[in-house]
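> With these hints in hand, go ahead and build the complete structure from the sequences.
Protein chains in written order, with numbering that gives the first Met the number 0: chain F, 0 to 434; chain W, 0 to 230.
Calculated directly from the structure, the hints in this document are not laboratory data. This structure is a prediction, so every number in the text was calculated from the model and none was measured. Glycine residues also receive a C-beta, built at the ideal position from the N, C-alpha and C atoms. Take the hints with a grain of salt, since some may be wrong.
[To be verified] Some chain F residues near chain W, calculated using beta-carbon distances under 10 Å:
no. : residue
1   : Leu-309
2   : Gln-311
3   : Leu-312
4   : Val-315
5   : Leu-316
6   : Arg-318
7   : Leu-323
8   : Asp-327
9   : Thr-330
10  : Arg-332
11  : Pro-339
12  : Arg-367
13  : Leu-385
14  : Ala-414
15  : Gln-415
16  : Leu-432
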Amino acid sequence: MLWLCILLPRFALEASAGGPPQAAQAALETLALWALQWSSQVSVRPADATGSALLWLEIGASRQLFGPLFGHDDALCERIAASLAPLGFSHRMGLAPTPQGAALLARADCPPHAAAATTPSQLQQRLAPLPLGLLALPRQHIAALEGAGLRRIGELLALPMAAIAQRFGPDTSLYLRRLRGEAQEPLRMVQPPCRFASRCEFASPVASTTALLFPLQRLLAGLQGYLRSLDRAIQRYTLVLEHHRQAATRLTIGLARPGRDAAQFQALARERLAALVLPAPVDALRVEAPELLQPLVLQTDLFSHEARQLEQLQQVLDRLAARLGATDVHTLRSAADHRPERAWGMAAAPLAGAQAAPATARPVMPARPCWLLREPQRIAMPRELLAGPERIESGWWDGADIARDYYLAREASGAQLWVFHDLRGGGWHVHGLWA
Amino acid sequence: MSQALNPAIRPASADAPAVAGPQLRDALRRQLERMGRRLPDDDPARPVALPTGFAALDAALNGGGWPTGAIIELMPEAQGIGELSLLLPALAQLNRAGRYVAWIAPPCLPYPPALEQHGLMLDRLLLVQAQDTPTILWAAEQALRCPAIGAVIAWPAALDDRRVRRLQLAAETGGSCGLLYRPVAAAQQSSPAALRLRLKALDGGLHIDILKARGGHTHALVVHPAAALCA
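Structure below.
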């Protein structure tokens with residue numbers, strides 16, 4: 000067993016900024032879910048009177064798991080630290096074969112090489128020079144030790160355990176045996192819930208959507224850890240903004256493909272929030288992800304160039320659609336209709352991996368201009384006609400029939416226009432540009 | 000022991016895990032070479048320049064075509080002079096290579112029958128309708144960063160050096176061609192774009208003034224985009 004202890008000395012303050020204590024507790028539960036992506040054995044100690052909280056991760060087993068990828072403990076701890084950094088909690092870490100040992104090294108705030116011990120003897124060495132005040136014992140117990148002339152933890156650990164129990168009581172002796180791994184630490188392990196729902200309550204109502212991004216990042220970090228720990232993915236999640244005495248604002252954020260990357264979830268939410276006008280200040284933020292899906296193997300397929308490109312394309316489409324709305328991101332198709340304004344259509348943005356639609360028979364037509372105006376515009380009789388006419392007479396069956404003679408016209412500027420003479424209503428119109 | 004344990008001494012960096020990246024990549028590359036394969040991004044088939052489809056223009060451009068991973072500014076004197084047809088052979092070529100082309104805030108509808116006549120594939124076309132300049136530039140930047148998108152064509156209403164530089168960085172990241180249409184008045188200003196062309200109609204052809212070419216020289220020539228279609 001190898002325990003990583005993450006000490007969060009200002010957790011209560013940083014988690015809820017003076018909000019109710021249950022807000023800090025909820026934040027710690029979310030952070031525990033975040034931690035589950037690194038270890039299946041995660042335990043927490045809620046914020047104490049000083050506002051400091053603890054998180055324990057057993058990484059001995061994870062080290063086996065992540066080993067081939069990340070090499071050694073350093074790399075795993077670095078990954079954990081890098082993932083924690085953007086969440087904005089001050090923290091210190093300790094690594095030891097026992098939870099109490101790891102917590103003590105984290106509290107000691109020593110240089111990195113001295114904050115990690117992988118074997119019991121190394122732990123003994125690391126602890127020896129540290130002051131007794133770092134022991135997680137009640138104040139009066141420490142005073143008793145100091146009264147006996149002891150200063151360093153090493154001096155205490157050098158005494159026989161029976162003598163310690165006799166002189167300083169069973170509490171001190173039990174704690175020291177747990178510290179050294181001679182007694183089992185009773186830790187309650189965090190279990191991932193069957194449904195993900197995480198909530199962040201604000202100390203004072205938040206009036207801007209930008210201010211929601213940071214708390215959201217913490218909730219989504221929890222969601223990512225939760226999904227990774229269960230080896231699941233999601234294709235949508237719900238962002239609920241709670242207001243005072245008013246129905247909550249619910250945003251459903253969809254991904255084109257199942258995913259579990261907090262950064263991706265966040266980018267999509269950012270676009271949606273940027274476009275949102277808050278009906279009222281926000282009292283609390285909630286993230287719900289009711290449907291869990293199988294993750295796609297594609298995402299980790301390092302060698303599939305095409306698959307990776309499509310994945311990247313899909314992420315861009317998701318981001319664009321999140322900010323602009325799905326109807327503003329699309330693709331085009333041509334349609335089998337002789338009427339120029341009906342010879343095309345819009346289609347949903349290309350789906351990654353979608354097969355090209357089979358080519359359908361289309362009317363063979365003379366060259367067409369690159370730009371089509373949305374509506375033909377009335378113009379005076381063109382100065383110079385270079386080619387034409389091409390008569391287009393069609394649509395008698397659906398009431399939108401036309402009868403036009405199309406020409407290629409040139410303006411004084413050299414611009415080439417696609418113009419037509421309306422055989423029914425008369426008059427000249429420009430319909431496109433040979434851009 | 001653990002370097003990561005005390006962030007005060009060695010700040011935890013978000014990209015810390017990537018440190019092993021280049022070495023891992025090198026090792027993989029060597030391994031794959033022995034197997035007669037190569038890493039995806041080392042594709043030697045991906046050209047540095049994208050042939051324009053016009054021999055005279057290719058000859059005038061450094062690298063023999065549109066620079067990729069770069070911003071190109073096109074400043075037509077009028078609409079409808081072949082300013083878009085100039086790009087179509089290159090775009091068709093990108094489509095055939097499986098890459099997408101993003102059109103961001105075009106002033107008119109890119110007419111699907113015409114695009115197909117020029118060999119473009121409509122299922123590899125991405126049309127983004129954005130209203131205001133910041134959104135247009137944001138969308139262009141997102142698209143440029145994506146390696147699956149080979150070219151991004153955008154019509155921003157206003158542009159300054161800082162924004163062009165941002166787009167330039169995005170184009171470098173994605174390795175794609177960033178084509179910006181600007182009003183002809185912009186030709187008077189300087190710009191960090193890699194290639195700047197002023198376009199005007201001349202005797203049924205398109206007169207191209209190369210105002211700036213990174214690593215190349217300024218030049219003027221005439222091509223006939225419309226003629227390419229008739230042929």
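> Is the hint on Leu-323 (chain F) kept, meaning its closest Cβ partner in chain W is under 10 Å away?
With Cβ-Cβ at 6 Å, under 10 Å, it holds.
> Are Arg-367 (chain F) and chain W close enough, Cβ to Cβ, to be under 10 Å, as the hint says?
holds, 4 Å
> When the nearest CB of chain W is found for Leu-309 (chain F), is that gap smaller than 10 Å?
Given a least distance of 6 Å, the restraint on Leu-309 (chain F) holds.
> Tell me if the interface restraint on Gln-311 (chain F) is satisfied: Cβ within less than 10 Å of some Cβ in chain W.
Constraint on Gln-311 (chain F) satisfied, holds at 5 Å.
> Does the CB of Leu-385 (chain F) sit less than 10 Å away from some CB of chain W?
Hint holds; Leu-385 (chain F) Cβ to chain W Cβ min 8 Å, cut 10 Å.
> Return the status of the interface hint for Ala-414 (chain F): holds when the least beta-carbon distance to chain W is below 10 Å, violated otherwise.
Given a least distance of 4 Å, the restraint on Ala-414 (chain F) holds.
> Could you check if Asp-327 (chain F) really has its C-beta closer than 10 Å to a C-beta on chain W?
Result: holds, 4 Å to nearest chain W Cβ.
> Would the stated hint for Thr-330 (chain F) survive a check requiring a Cβ distance to chain W of less than 10 Å?
For Thr-330 (chain F), the interface hint holds, since the closest Cβ of chain W sits about 5 Å away, which is under 10 Å.
> Verify the interface restraint on Leu-432 (chain F): the C-beta must sit less than 10 Å from at least one C-beta of chain W.
holds, 4 Å
> Under 10 Å, Cβ to Cβ, is where Val-315 (chain F) needs to be relative to chain W, so tell me if that hint holds or is violated.
OK, holds: Val-315 (chain F) within 10 Å of chain W, min 4 Å.
> Arg-318 (chain F) was flagged as interface toward chain W. Is the shortest Cβ-Cβ separation under 10 Å?
Given a least distance of 6 Å, the restraint on Arg-318 (chain F) holds.
> Interface hint check: Arg-332 (chain F), Cβ to nearest Cβ on chain W, cutoff 10 Å. Holds or violated?
holds, 5 Å
Hint compliance for this structure: no hint is broken.
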